[in-house]
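2 protein chains.
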Amino acid sequence: MAKGASISGFPEWLPSERVVEQRVIDTLRRVFELNGFLGIETRAVETGASLLKKGETSKEIYLLSRLQEVGHESDTPLNDRLGLHFDLTVPLSRYVVEHSGDLAFPFKRWQIQKVWRGERPQEGRFREFVQADIDVIGQGDLPDHYEVELPLVMVSALERLREFGLPKATVHANNRKLSEGFYRGLGLTDIEGVLREIDKLDKIGADEVAKLLVEGCGADESQARACLELAELTASDGKELAERFDALCAKHGIGTDGDAYQLARQGLDTLAMIVDQAAAIRPGSVIADLKIARGLDYYTGSVYETFLDGAASLGSICSGGRYDNLASQGSRKYPGVGLSIGLSRLVSYMLHTAGARANRVSPAAVLVAVWNEADRTAANRIADTLRSRGIAADVAPTAAKLGKQIKYADKLGIPYVWFPAADAGEDGQAAGDEVKNIVTGDQVPADAKSWEPDTVYARQEVTIQGVKEA
Amino acid sequence: MAKGASISGFPEWLPSERVVEQRVIDTLRRVFELNGFLGIETRAVETGASLLKKGETSKEIYLLSRLQEVGHESDTPLNDRLGLHFDLTVPLSRYVVEHSGDLAFPFKRWQIQKVWRGERPQEGRFREFVQADIDVIGQGDLPDHYEVELPLVMVSALERLREFGLPKATVHANNRKLSEGFYRGLGLTDIEGVLREIDKLDKIGADEVAKLLVEGCGADESQARACLELAELTASDGKELAERFDALCAKHGIGTDGDAYQLARQGLDTLAMIVDQAAAIRPGSVIADLKIARGLDYYTGSVYETFLDGAASLGSICSGGRYDNLASQGSRKYPGVGLSIGLSRLVSYMLHTAGARANRVSPAAVLVAVWNEADRTAANRIADTLRSRGIAADVAPTAAKLGKQIKYADKLGIPYVWFPAADAGEDGQAAGDEVKNIVTGDQVPADAKSWEPDTVYARQEVTIQGVKEA
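Going line by line, the protein sequences match chains A and B. Position 412 (the first sequence) corresponds to 412 in this note's numbering; numbering is contiguous. Position 169 (the second sequence) corresponds to 169 in this note's numbering; numbering is contiguous.
You may find that some hints are simply not true.
With a cut-off of at most 16 Å between alpha-carbon atoms, the simulated EDC-like pairs for lysine to aspartate or glutamate come out as follows [what the hints assert, rightly or not]: (1) B:Lys-401 to B:Asp-442; (2) A:Lys-59 to B:Asp-375; (3) B:Lys-114 to A:Glu-373.
Pair by pair, the computed Cβ-Cβ distance ranges are [unchecked claim]: (4) A:Asp-80 to B:Gln-443: 25 to 35 Å; (5) B:Leu-402 to A:Asp-141: 14 to 24 Å; (6) A:Asp-309 to B:Asp-442: 39 to 49 Å; (7) A:Met-273 to B:Val-439: 52 to 62 Å.
A short list of chain B residues far from chain A (calculated; beta carbon distances all over 10 Å) [stated by the list, open to error]: (8) Ala-44; (9) Thr-47; (10) Lys-53; (11) Gly-71; (12) Ser-74; (13) Arg-109; (14) Lys-211; (15) Leu-228; (16) Asp-257; (17) Leu-314; (18) Gln-443.
Read the hints as simulated data drawn from the structure, not as lab findings. Where is the CB? At the ideal position from N, CA and C, for every residue including glycine.
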């Protein structure tokens with residue numbers, strides 16, 4: 001995106017930037033597979049009925065129409081039209097129900113795919129972007145240990161990206177039952193409304209949120225302030241969490257024997273389990289943070305957001321939660337828990353803030369020079385020999401002056417230029433081949449059947465080449 | 001697609017089938033990178049103006065509209081609306097012009113991405129599918145050796161898929177200039193029309209094509225028959241090709257001194273070069289086949305289609321050609337040559353006809369058993385130790401009876417079940433761990449820090465498990 005996308009909100013990377021994105025994708029996939037997640041891909045479209053069912057982003061949908069239908073789009077009812085998926089969770093739920101007979105449950109899957117949001121164009125918002133998701137879906141029930149394990153898989157995946165310039169990531173967890181119980185204990189009833197306003201805290205600040213709670217959610221000033229006090233509560237272990245929460249309940253007159261407190265307590269116990277278990281396995285990776293609300297209304301228990309050290313303005317780069325009611329088949333439910341990395345935004349941060357760079361644009365380690373066009377077949381044979389040994393090789397586009405061929409290699413970041421012997425025969429293996437490292441200037445005799453590039457120059461790598469901006 | 005796609009034309013694979021598709025994608029990418037192609041991804045959308053410019057598939061476009069625009073779609077002129085790309089060549093041309101200052105030319109790129117065709121639903125036609133493309137784009141000019149090399153890269157890529165059940169692939173090449181020169185030599189002028197009808201030869205047969213040439217392209221009976229004779233011409237070397245072509249010209253009174261013959265000769269020389277050079281590097285991989293026309297009207301020279309031995313009904317699985325006029329910037333042209341594999345159709349063939357199968361559904365080689373929920377953390381530690389050594393591991397979902405845990409492993413194809421020692425401590429490494437190969441029944445003592453799975457069972461692989469249908 002060196003020059004910005006030519007259609008606002010539809011980012012595109014230059015080849016050198018794509019190397020970084022591809023490395024991020026490969027790294028995440030590797031971690032997901034090491035953890036036993038199955039890879040799937042769902043179609044890009046869902047029916048209007050499915051897309052409009054759940055979630056606040058349901059307003060931000062791209063609908064499709066065939067060119068032939070232009071002018072007659074409205075002949076098809078909205079529910080029957082096709083639209084592009086806005087996340088990977090709604091498609092997963094549909095996929096699981098559709099193929100339940102062919103899946104082993106609990107079904108653990110990873111999915112890295114593009115999603116689309118049909119928003120009005122606005123600065124810095126992507127309308128097409130890649131998400132990297134892991135979810136586990138149970139048939140009938142789903143053990144709560146996955147509510148600890150899935151955030152930890154994401155933490156270990158993000159940990160692997162730190163060598164490419166990503167700061168340390170911390171998962172901030174909350175539980176909807178805890179929030180709901182507390183709000184009900186205060187006497188509030190518009191739970192969805194309160195959660196939606198609390199979710200705006202980082203964007204508009206406490207005073208604005210308090211105003212919205214009073215104006216739109218039936219709260220009085222004191223109830224609104226209590227909601228904000230809950231949102232300020234953080235804890236890094238279960239005992240601390242329970243103590244602070246109970247103190248807050250006592251302060252606001254929420255009795256421990258009421259239904260509201262019991263509901264909150266369910267959420268609190270799960271949240272305490274999550275932070276304590278996570279601390280045992282990866283200390284400092286997960287904290288309880290009771291302002292986490294999540295806009296999407298399909299979450300029913302745990303919710304997560306993930307922040308990078310020193311990158312608060314970036315917002316959450318990995319979010320998710322537990323959803324017990326998203327998918328069902330007759331009376332059978334398919335509860336799930338999952339997290340999603342906003343990969344495009346993460347890659348944008350790595351490129352433009354963290355200074356991640358590819359060591360070379362081309363995957364080729366070697367450019368085979370061509371002395372004149374009659375020798376091209378011999379040059380191709382040398383390249384093929386290198387390739388058969390796993391060494392990526394390109395061949396000079398024309399038999400231009402050697403300086404021009406070296407310049408082409410240099411522009412692509414290809415570290416080695418191969419000089420075929422002038423008398424190369426049928427097998428392209430005449431004695432007299434030489435290879436030059438154009439970074440160091442070293443030039444040595446070489447045989448394509450046995451030569452190995454220096455390990456420093458062998459692989460296309462992503463490194464941090466300095467922070468460009470704060 | 002065990003049960004067929006739930007929306008016609010939008011295929012989706014089961015996890016075990018996705019393993020095969022992912023392996024095909026990984027294999028193609030590997031070959032493309034070994035050959036020095038740069039990977040890019042373009043946005044899924046282009047403007048109407050760009051999509052409607054070229055190509056017969058321009059009629060098969062999905063246009064987008066935001067949910068809020070429903071009922072007002074027609075307020076936006078067609079050229080300004082967004083639509084999903086129907087191939088990866090039109091987006092590449094736009095990308096190259098847009099980013100020309102940041103690219104090294106000739107620009108060699110691979111791209112594996114979904115495309116969409118807004119067709120009426122019909123049996124067996126995909127409306128969403130994955131294409132795997134390689135192209136090389138020059139700035140100003142492009143050497144013709146790429147017209148040999150690109151089909152050969154595709155041949156070597158398809159060769160790597162033979163171990164997964166794909167039959168041998170042969171590229172059938174033609175040249176538009178050759179056809180055009182011949183048609184003009186006969187006195188025909190509607191060249192696009194003739195090419196379009198000849199392209200239908202395999203589908204509707206010679207008699208029907210002759211009829212269409214007479215009815216719609218201004219040909220008389222004898223001209224139509226001459227066009228069909230040209231389409232019957234095949235050759236596996238340049239000399240044979242030239243002799244047969246010249247004989248045909250003589251028979252139909254096309255003089256070698258006319259402009260028409262000279263144009264045909266240009267095409268013939270390039271085509272002869274292609275088959276001869278290809279024969280020198282990979283004998284039998286490319287033949288001249290003068291019935292190859294290609295529907296898309298952006299091709300200006302070489303055109304290719306690729307057929308699998310014994311799978312004629314599948315049609316071409318890898319097609320492309322040279323296009324000199326698709327992209328330009330002022331007076332500067334960006335000529336290109338490229339080929340595209342219809343990956344979804346290929347994977348469908350491999351799964352349903354060639355019998356390609358994953359040896360296991362889960363990427364995990366090991367399932368760590370859990371004796372009771374209190375021991376889960378120890379089981380997780382064992383799994384983490386294996387993962388840190390590159391061994392993919394899953395952990396049993398519940399502390400169910402051992403038989404049930406083994407059944408879960410078996411259903412996912414996980415070959416090893418790990419039994420933690422009952423007294424596993426903090427590091428999960430207590431003496432007494434054992435691991436059982438549930439395929440062979442072998443059970444041995446094991447330490448997660450040093451144990452290695454048998455190579456036969458270590459990796460998730462794709463193999464041929466017998467042809468299911470003809």
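Status of the hints after comparison with the structure:
1. B:Lys-401 to B:Asp-442: violated (20 Å)
2. A:Lys-59 to B:Asp-375: Not satisfied, since the Cα-Cα distance of roughly 45 Å exceeds 16 Å.
3. B:Lys-114 to A:Glu-373: violated (37 Å)
4. A:Asp-80 to B:Gln-443: 25 to 35 Å: Violated, at about 56 Å.
5. B:Leu-402 to A:Asp-141: 14 to 24 Å: Between B:Leu-402 and A:Asp-141, where Cβ atoms are some 20 Å apart, the hint holds.
6. A:Asp-309 to B:Asp-442: 39 to 49 Å: Given about 47 Å between the Cβ atoms, the range holds.
7. A:Met-273 to B:Val-439: 52 to 62 Å: violated (36 Å)
8. Ala-44: Nearest chain A Cβ is 6 Å from B:Ala-44, so the label is violated.
9. Thr-47: violated (7 Å)
10. Lys-53: holds (14 Å)
11. Gly-71: Since the minimum Cβ distance to chain A is about 6 Å, B:Gly-71 lies within 10 Å and the statement is violated.
12. Ser-74: About 6 Å separates B:Ser-74 from the closest Cβ of chain A, which leaves it inside 10 Å; violated.
13. Arg-109: violated (7 Å)
14. Lys-211: The claim stands: B:Lys-211 keeps its Cβ more than 10 Å from every Cβ of chain A (closest is about 27 Å).
15. Leu-228: Correct as stated: the minimum Cβ-Cβ distance to chain A is 33 Å, above 10 Å.
16. Asp-257: Label holds. Min Cβ-Cβ 29 Å, cutoff 10 Å.
17. Leu-314: Given that every Cβ of chain A is farther than 10 Å from that of B:Leu-314, nearest at about 22 Å, it holds.
18. Gln-443: The claim holds: B:Gln-443 sits with its nearest Cβ about 21 Å from chain A, beyond 10 Å.
In this structure, the hints that do not hold are numbers 1, 2, 3, 4, 7, 8, 9, 11, 12, 13, in rising order.
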